[in-house]
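Asks: From just these sequences and the hints, can you work out the full model?
Each residue of the sequence shown is one higher than the last, beginning at 8 in our numbering.
The hints are simulated quantities; they were obtained by calculation from the structure and are not laboratory data.
Each hint can be trusted.
The calculated lysine to aspartate or glutamate pairs, modelled on EDC-like cross-linking and capped at a C-alpha distance of 16 angstroms, are:
no.	residue 1	residue 2
1	K170	E330
2	K75	D65
3	K188	D156
4	K287	D50
5	K169	E330
6	K191	E330
7	K55	E284
8	K109	E278
9	K265	E77
10	K243	D141
11	K55	E33
12	K194	E160
13	K243	E213
14	K265	E98
15	K66	D42
16	K194	D156
17	K170	D207
18	K191	D156
19	K109	E271
20	K194	E152
21	K170	D203
22	K170	D336
23	K235	E213
24	K61	E33
25	K46	E284
Estimated spans, in silico, between C-beta atoms of each pair:
no.	residue 1	residue 2	range
26	N198	R333	17 to 25 angstroms
27	K46	P238	21 to 29 angstroms
28	Q104	T140	45 to 53 angstroms
Even for Gly, the Cβ is constructed at its ideal location relative to N, Cα and C.
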Amino acid sequence: MLAPKRLLTALALTLIGSTVAQAADEVVVYSSRIDELIKPVFDAYTQKTGVQVKFITDKEAPLMQRIKAEGENATADLLLTVDAGNLWQAEQMGILQPFTSKVIDANIPLQYRASSHAWTGLSLRARTIAYSTDRVKPGELTTYEALADKQWEGRLCLRTAKKVYNQSLTATMIEVHGAEKTEKILKGWVNNLSTDVFSDDIAVLEAINAGQCDVGIVNTYYYGRLHKQKPDLPVKLFWPNQGDRGVHVNLSGIGLTKHAPHPEAAKALVEWMTTPEAQKIFADVNQEFPANPAVQPSAEVASWGKFVADTLPVEIAGKRQAEAIRMMDRAGWN
Numbered sequence: 008m009l010a011p012k013r014l015l016t017a018l019a020l021t022l023i024g025s026t027v028a029q030a031a032d033e034v035v036v037y038s039s040r041i042d043e044l045i046k047p048v049f050d051a052y053t054q055k056t057g058v059q060v061k062f063i064t065d066k067e068a069p070l071m072q073r074i075k076a077e078g079e080n081a082t083a084d085l086l087l088t089v090d091a092g093n094l095w096q097a098e099q100m101g102i103l104q105p106f107t108s109k110v111i112d113a114n115i116p117l118q119y120r121a122s123s124h125a126w127t128g129l130s131l132r133a134r135t136i137a138y139s140t141d142r143v144k145p146g147e148l149t150t151y152e153a154l155a156d157k158q159w160e161g162r163l164c165l166r167t168a169k170k171v172y173n174q175s176l177t178a179t180m181i182e183v184h185g186a187e188k189t190e191k192i193l194k195g196w197v198n199n200l201s202t203d204v205f206s207d208d209i210a211v212l213e214a215i216n217a218g219q220c221d222v223g224i225v226n227t228y229y230y231g232r233l234h235k236q237k238p239d240l241p242v243k244l245f246w247p248n249q250g251d252r253g254v255h256v257n258l259s260g261i262g263l264t265k266h267a268p269h270p271e272a273a274k275a276l277v278e279w280m281t282t283p284e285a286q287k288i289f290a291d292v293n294q295e296f297p298a299n300p301a302v303q304p305s306a307e308v309a310s311w312g313k314f315v316a317d318t319l320p321v322e323i324a325g326k327r328q329a330e331a332i333r334m335m336d337r338a339g340w341n
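Replies: Laid out in structure tokens, this is it:
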């Protein structure tokens, strides 16, 4: 029989072991994606593994600052956010830790992952041209750059330059065309605006529908959401730059926090999120393209047609983000 002191020590060690085991059955995610877009994925993982996924949603900037402020007293295991520009920013802030995974490498193409292994893409969206089927013929459209031509004067709608989606598009254009040519294109876009910039992509699509403008640049999943509500919407998507660099594609992605309390459980969740099982949920719920090329998009998304995507690594959007913001400001895009 154990002496009382040794018994208490043994009991304490048992309780500690129990706590660690319990903690391993939980993963905490800070997410800038709205609840209904991610809950089905996490629920499926819990049902499959028994691991509880707790998530806190907010805008990306406050979440990143919260992770930085928490430091070694971290609550979050993972940061889930949209756009490679935001993921790059999180990486530069030092709040993510890299990890390598043969599973992720096999499931997600290199261009949709950080070269440092600090984050990986989970789902894709194309930022493409939307046009009025009443006032524009598809044959009139060619490239993003051509929207700066005089033909589109007073006919273009854009979302604010303050949104990272437009910053990333601009960043990739700088990478392809250089600063001088890209700034000229941006000034052409601003000159062709039919009205002030809008706060979101849905507003751009509604403006095209209402006749305020004839063309705009939007993320595909916004079109999917509006089209579901209004199936007779006289607005369609056009895939630009099919003769050269392809359509600009960005992503939602995830990274392991620097001081993750449950790193191994978090890594296992990320790996599963890149598998066909999870990717299909993303595709069906979010009306996005799977980042795993082995998974087909939903029937709705597939109906928009196939396109050639830009092959630039998406992390370019982060590397040139600051340059893009300054250029957009000089061009008068606010």
